[in-house]
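Spelled out from the first residue to the last, the chains are:
2 protein chains.
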Amino acid sequence: MDSVKVGLLGFGTIGGGVAEILLGKSEQIARATGKKIELVKICDKDLTSDRGVSIPDGILTDNLAEIMDDPEISIVIELIGGIEPARSFVLRALESGKDVVTANKALLANCGPELFAKARELGRTIGFEASVCGGVPVLASIQTSLQANEIESIKAIVNGTCNFILSEMESKGSAYADVLKEAQRLGFAEANPTLDVDGSDSTQKLCILAQLAFGAVTDWKAISRVGVDVVDSIDVKFARELGRKIRLLAVAERSNEGLVLQVCPTLIPEDSALAKVTNAYNGIEIVGDFVGSVFYQGWGAGRRPTASAVCSDVIDSALGRTKITFDSLRLWSDQREGVPVMDSKKIRGRAYLRLGVEDKPGVMAKVAETLAKRDVSIESMLQPPKARPDDPIASLIILTHETSSEALDDAVAELNASSFIRGKTIRLAVRD
Amino acid sequence: MDSVKVGLLGFGTIGGGVAEILLGKSEQIARATGKKIELVKICDKDLTSDRGVSIPDGILTDNLAEIMDDPEISIVIELIGGIEPARSFVLRALESGKDVVTANKALLANCGPELFAKARELGRTIGFEASVCGGVPVLASIQTSLQANEIESIKAIVNGTCNFILSEMESKGSAYADVLKEAQRLGFAEANPTLDVDGSDSTQKLCILAQLAFGAVTDWKAISRVGVDVVDSIDVKFARELGRKIRLLAVAERSNEGLVLQVCPTLIPEDSALAKVTNAYNGIEIVGDFVGSVFYQGWGAGRRPTASAVCSDVIDSALGRTKITFDSLRLWSDQREGVPVMDSKKIRGRAYLRLGVEDKPGVMAKVAETLAKRDVSIESMLQPPKARPDDPIASLIILTHETSSEALDDAVAELNASSFIRGKTIRLAVRD
Numbered sequence: 001m002d003s004v005k006v007g008l009l010g011f012g013t014i015g016g017g018v019a020e021i022l023l024g025k026s027e028q029i030a031r032a033t034g035k036k037i038e039l040v041k042i043c044d045k046d047l048t049s050d051r052g053v054s055i056p057d058g059i060l061t062d063n064l065a066e067i068m069d070d071p072e073i074s075i076v077i078e079l080i081g082g083i084e085p086a087r088s089f090v091l092r093a094l095e096s097g098k099d100v101v102t103a104n105k106a107l108l109a110n111c112g113p114e115l116f117a118k119a120r121e122l123g124r125t126i127g128f129e130a131s132v133c134g135g136v137p138v139l140a141s142i143q144t145s146l147q148a149n150e151i152e153s154i155k156a157i158v159n160g161t162c163n164f165i166l167s168e169m170e171s172k173g174s175a176y177a178d179v180l181k182e183a184q185r186l187g188f189a190e191a192n193p194t195l196d197v198d199g200s201d202s203t204q205k206l207c208i209l210a211q212l213a214f215g216a217v218t219d220w221k222a223i224s225r226v227g228v229d230v231v232d233s234i235d236v237k238f239a240r241e242l243g244r245k246i247r248l249l250a251v252a253e254r255s256n257e258g259l260v261l262q263v264c265p266t267l268i269p270e271d272s273a274l275a276k277v278t279n280a281y282n283g284i285e286i287v288g289d290f291v292g293s294v295f296y297q298g299w300g301a302g303r304r305p306t307a308s309a310v311c312s313d314v315i316d317s318a319l320g321r322t323k324i325t326f327d328s329l330r331l332w333s334d335q336r337e338g339v340p341v342m343d344s345k346k347i348r349g350r351a352y353l354r355l356g357v358e359d360k361p362g363v364m365a366k367v368a369e370t371l372a373k374r375d376v377s378i379e380s381m382l383q384p385p386k387a388r389p390d391d392p393i394a395s396l397i398i399l400t401h402e403t404s405s406e407a408l409d410d411a412v413a414e415l416n417a418s419s420f421i422r423g424k425t426i427r428l429a430v431r432d
Numbered sequence: 001m002d003s004v005k006v007g008l009l010g011f012g013t014i015g016g017g018v019a020e021i022l023l024g025k026s027e028q029i030a031r032a033t034g035k036k037i038e039l040v041k042i043c044d045k046d047l048t049s050d051r052g053v054s055i056p057d058g059i060l061t062d063n064l065a066e067i068m069d070d071p072e073i074s075i076v077i078e079l080i081g082g083i084e085p086a087r088s089f090v091l092r093a094l095e096s097g098k099d100v101v102t103a104n105k106a107l108l109a110n111c112g113p114e115l116f117a118k119a120r121e122l123g124r125t126i127g128f129e130a131s132v133c134g135g136v137p138v139l140a141s142i143q144t145s146l147q148a149n150e151i152e153s154i155k156a157i158v159n160g161t162c163n164f165i166l167s168e169m170e171s172k173g174s175a176y177a178d179v180l181k182e183a184q185r186l187g188f189a190e191a192n193p194t195l196d197v198d199g200s201d202s203t204q205k206l207c208i209l210a211q212l213a214f215g216a217v218t219d220w221k222a223i224s225r226v227g228v229d230v231v232d233s234i235d236v237k238f239a240r241e242l243g244r245k246i247r248l249l250a251v252a253e254r255s256n257e258g259l260v261l262q263v264c265p266t267l268i269p270e271d272s273a274l275a276k277v278t279n280a281y282n283g284i285e286i287v288g289d290f291v292g293s294v295f296y297q298g299w300g301a302g303r304r305p306t307a308s309a310v311c312s313d314v315i316d317s318a319l320g321r322t323k324i325t326f327d328s329l330r331l332w333s334d335q336r337e338g339v340p341v342m343d344s345k346k347i348r349g350r351a352y353l354r355l356g357v358e359d360k361p362g363v364m365a366k367v368a369e370t371l372a373k374r375d376v377s378i379e380s381m382l383q384p385p386k387a388r389p390d391d392p393i394a395s396l397i398i399l400t401h402e403t404s405s406e407a408l409d410d411a412v413a414e415l416n417a418s419s420f421i422r423g424k425t426i427r428l429a430v431r432d
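Residue numbers (my numbering), protein chains in the order written: chain C, 1 to 432; chain V, 1 to 432.
Just chain C, same shape as in the assembly (with noise of 0.2 Å):
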């Protein structure tokens, strides 16, 4: 039986699954695939904690040579995260004439074309399962199985940690804060959650989504993006009366002005597929012109989940699939045809706008008259009774009919510098 030889780059949880797979599963993967798959060396800093998988000796090492120069090694897998020194270390890997393996959205949104036309110039693959949607298998769908379709849409819950963020506001009614703290404390947020409560994460996948499924290249920094961080329970409160859940969705769709790219807190029919994800899933549904509506749930991080889709990459790897559809599929090359990305102020919606005001009479006609000015039409207008009567700072909600972001950043803008204004307008975006 033919042996392909697996190095691993990163020791952490998800490497933990990895090992648990590759050294635990070795004859089953073998007995299913008709290769042996030897994961025989893991490179880290740390050579002694516990990650909770025995593991022979020699074969955790801290010498990065070790991998690179073992000209048996053929397979490598990126498991560091962030960019540098993966992204280093990744071309090493493909100069040493080796595939990668990596579930590492960040490195691929930001430097994918980089490492692209350096494996197709080397003739070697990336696969990159892992990097959206986790155990999901929804890259692989987009690549191959959905490819006899023109993919017309994309939304996406691909943040497992806002998605629980999300779902506890709404089932318990609790604060923004709180409900982040428990995340903390269930592992479901990491110590420092920034990345993902404001969309950053979110929009990084976004940007792998938008190139896969419609060709597009586009800075994942330049995508209009909303994060969690400023959803409110009283947000979920209205949206639930307009018989809507509040979801981080990530979209990608196509229009006549071009490719709508997107990100942000958006309220859903609760009826949805999309709005009965809970918890920490993952959920995205991918419209295709003639496969019509698919949808995809399951557990977008975590370590076994995310070991599941890094091994199937490198099963792909070892047996040739990877190669026929890098080769294919030339992705984030110029031979490959792409929607053009539409500018993100152009992009046209519904949304919802929550306003602390003055609680002073005309102050909802001075809120419509701005509006009205910038041509965002109100569908409509609410003013809820305030928690405490003697708050000087009363809430305003607002639904708009489809309008340009453009318009309603100046009306937001106008808003925010006015003096019956009180704090920053809250905009999440109305999807049907």
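Errors might be hidden in some of the hints.
Intra- or inter-copy, both count: the list cannot distinguish identical chains.
What the hints assert, rightly or not - EDC-like, lysine to aspartate or glutamate: derived pairs with alpha carbons at most 20 Å apart: (1) Lys36 - Asp327; (2) Lys323 - Asp334; (3) Lys35 - Glu150; (4) Lys276 - Asp432; (5) Lys323 - Asp2; (6) Lys35 - Glu337; (7) Lys25 - Asp289; (8) Lys25 - Glu152; (9) Lys36 - Glu150; (10) Lys181 - Asp229; (11) Lys45 - Asp70; (12) Lys35 - Asp334; (13) Lys36 - Glu337; (14) Lys25 - Glu337; (15) Lys5 - Glu72; (16) Lys373 - Asp410; (17) Lys35 - Asp327; (18) Lys323 - Glu114; (19) Lys221 - Asp343; (20) Lys25 - Glu150.
Treat the hints as calculated values from the structure; they're not laboratory data.
Dock chain V against chain C, hints included.
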């Protein structure tokens, strides 16, 4: 650019969709895959009907040899359906050196071992994504993306007709017969719906899933099967009162005594993902030891979704991915280790029973006694008010604790033979 020539057998509804993709999107597919895929011949007895797609002259023929004997055609798509002549045509295509793509679940459930052995012997492949769950790429996931997992269970709604019937009964409170008529009018059910509503279609699909996920080889006719044709609106109503919905589930699940295979209308919790699958959608939940629960939903039938799956197989076959997967998995072969299938009589589970009983004192006690004799333990028993007070027959609804299928069979047989029972006892499954 490499070119691959394709012949299509069967120009019906799905054949029309396939022609629409392969003829209408040939440039898009060529750009996306680097291969030119040409549909050069379509064979059907009917040369005149309009299939809603315009095809160039010289493509449609009623002469099978124009496909089988053309050495330039390397892929044959079989969309005839049923066993013969589909089986003979597939064998002939393989013997003529062609790879096969089929959407035919009946053919695979009945002749899988023969066809796959022949394909292996001749170094050819069979692609069959469209045979289960139509456009939803669930077979590809099991064969590739989830391959690092040991699959623990599959619970699937694989028949859109039955799901449409159940969810209409649920939302409208209508009777089975009325909903079936409506489904036929809307084109969701065939003029002769027997194979759908008696569970045969779902069982054949389960047979394919059981081979893919568990290596199980089984005669689909030996699988425990109940169809939606036994479900009454009273069952839907009581399920709802229990916080449950009824779905026709095809289940494959590891147990200590082997693989449980079962097709049965099943009372499942109303907040489960499968319960939320409405209309003619398909849904499938796969649980793997590492990935956890992954859930898919989409259109399981129909011209366009099924054509999407067929064409993805054609592209996989043209690019060589099918060959790798086919060779490594050795489906339906002796070399593939399988989980032994459990005798359906030994399957244990909870059950929902509906009996028609004489409305006389003492009948409930007699029913309880009959069940107790077979060690069938009752979780709850309920005699709902009769629709017409003068009806001499009352319904009795029973939920049992976990019991073996055999004990329940015996108890139900004895009940059905009892003088106080009117009509046949209906038995559904209950799962959490």
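Hints and how they fare:
1. Lys36 - Asp327: Cα proximity of Lys36 and Asp327: across copies only (15 Å, versus 24 Å in one copy).
2. Lys323 - Asp334: within (19 Å within a copy, 29 Å between copies)
3. Lys35 - Glu150: between (35 Å within a copy, 17 Å between copies)
4. Lys276 - Asp432: Result: close both inside a copy and across copies, 14 Å intra and 18 Å inter.
5. Lys323 - Asp2: both (17 Å within a copy, 17 Å between copies)
6. Lys35 - Glu337: between (35 Å within a copy, 15 Å between copies)
7. Lys25 - Asp289: between (39 Å within a copy, 11 Å between copies)
8. Lys25 - Glu152: between (39 Å within a copy, 15 Å between copies)
9. Lys36 - Glu150: Close across copies (17 Å), not inside one copy (37 Å); limit 20 Å.
10. Lys181 - Asp229: within (13 Å within a copy, 51 Å between copies)
11. Lys45 - Asp70: within (19 Å within a copy, 61 Å between copies)
12. Lys35 - Asp334: between (35 Å within a copy, 18 Å between copies)
13. Lys36 - Glu337: between (38 Å within a copy, 16 Å between copies)
14. Lys25 - Glu337: Intra 40 Å, inter 15 Å, cutoff 20 Å: inter-copy only.
15. Lys5 - Glu72: within (6 Å within a copy, 39 Å between copies)
16. Lys373 - Asp410: Close inside one copy (10 Å), not across copies (77 Å); limit 20 Å.
17. Lys35 - Asp327: between (22 Å within a copy, 11 Å between copies)
18. Lys323 - Glu114: within (18 Å within a copy, 31 Å between copies)
19. Lys221 - Asp343: Answer is within: at 13 Å inside a copy they meet the 20 Å cutoff, but 58 Å across does not.
20. Lys25 - Glu150: between (38 Å within a copy, 9 Å between copies)
The structure fails none of the hints (numbered hints given earlier).
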